[in-house]
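Reconstruct the complex from the two isolated chains, following the hints.
Next come the chains, spelled out residue by residue.
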Amino acid sequence: SQKIEQNSEALNIQEGKTATLTCNYTNYSPAYLQWYRQDPGRGPVFLLLIRENEKEKRKERLKVTFDTTLKQSLFHITASQPADSATYLCAALRTSYDKVIFGPGTSLSVIP
Amino acid sequence: SQTIHQWPATLVQPVGSPLSLECTVEGTSNPNLYWYRQAAGRGLQLLFYSIGIDQISSEVPQNLSASRPQDRQFILSSKKLLLSDSGFYLCAWRRDNMNTEAFFGQGTRLTVV
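If you read the sequences in order, they're chains A and B.
Under this note's numbering, the residues of the first sequence are numbered 590 to 701, in order.
Under this note's numbering, the residues of the second sequence are numbered 53 to 165, in order.
Okay, chain B solo, but in the shape it has when bound (with noise of 0.2 Å):
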């Protein structure tokens, strides 16, 4: 079965300082991946999505960047965070050229400060 890791669950970071936060799939190759931002209250934000290795879109310019340096990997990156990069991030994947449901990891709560 397939599976999807994120971590870590909860960040504290001062302004200033840089950010990376990964993200694997287990049991699936060639996932079509994602980042997502959710502010408090609000819902989901595409920031990131890939089709393949290297291949990143960015929907929102911002303090942020991704990589995918692996088929199953998807890494969500800041050389100096904002307070507003604040917020709960959320990766997920799809199966590849399917019409099938997004599967999420379990967040990881950024604050800056």
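Pulled out of the complex, with its shape left as it was, chain A reads as follows (with noise of 0.2 Å):
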């Protein structure tokens, strides 16, 4: 079955620098990679979606990249902020009908 990897420890970066979360995906190549916020005792929110034939894709300060010779996905936040502090999750779909497979978060702290 598809295992998604993602940075365990916390990621702490200095506010204005660029973020950037590691997900690496076994088993399968993905059709589609999704990328989630999660603040604490909520629920995640859809972020950026990208398709297995996109390399990039950008939206505000988000840029995410998909890579299927590495089985990765890349994730930037650049010129963070406070605001961006959250732990963020991969997603993969199989197919447009699949199941949402989500890996274990990465928590990030942008500090002031």
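A couple of the hints might just be wrong.
Pairs of lysine-lysine residues, derived as DSS-like cross-links and limited to a Cα-Cα distance of at most 30 Å, are as follows [unchecked claim]:
| # | chain 1 | residue 1 | chain 2 | residue 2 |
| --- | --- | --- | --- | --- |
| 1 | A | 688 | B | 132 |
| 2 | A | 644 | A | 606 |
| 3 | B | 131 | A | 688 |
Hints are computed from structural coordinates only; laboratory data are not their basis.
The structure presented is a predicted model; accordingly, all values stated were derived computationally and were not measured.
Here's what the structure looks like:
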């Protein structure tokens, strides 16, 4: 079955810097990768989606890449702000009909 | 617009007691529905998903069951709770047969004592 791996250690960065989070997958190459943000005690909120045939996707200060050779997606937050502090989850879908499988998440803290 | 309701927000139950968590979606039809559990500091574990009424797939053998008696209603149940059932339970939905994101409810914090 598909397994999604993310940085298990929390990531602490200085405000204004770029945060880079990693998502690696095993087994099959997903057709879609999604990134979500989760705040403590809340449900995850969707941020970005990238398809298998897309190299990069951007939305405001967010950028996602998808490297099928490395079996990896990178999630970047540029000009990070303390309000960006949260847990970020990577999720994979094999097809548009498939169930959504989540990674364990990476906790990000942006220090003022 | 679509909304998802999940209740209760918190629940403390004794070991051996039954459980019923309810989730309803409004503003869409034939959604794909999901139940996830999140242990403290851990990721989301998919428990059940459903593509239609009475069509439930179980992902992990466990002490829980799910039912979908109506198109937009998804229920998570247990006959006898275990301590290990404690966690943060999240219901989610996606549009049918489309590559779209999952929308999550606010979650239920279950503590089994």
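**Request:** Quickly compare the C-alpha distance for residue 131 of chain B and residue 688 of chain A to 30 Å and report which way the hint goes.
**Result:** holds, 26 Å
**Message:** Check the hint pairing residue 644 of chain A with residue 606 of chain A against an upper bound of 30 Å on the C-alpha distance.
**Reply:** holds, 23 Å
**Message:** Tell me if the straight-line CA distance from residue 688 of chain A to residue 132 of chain B falls inside 30 Å.
**Reply:** holds, 27 Å
Against the hints set out earlier in the document, no violation occurs for any number.
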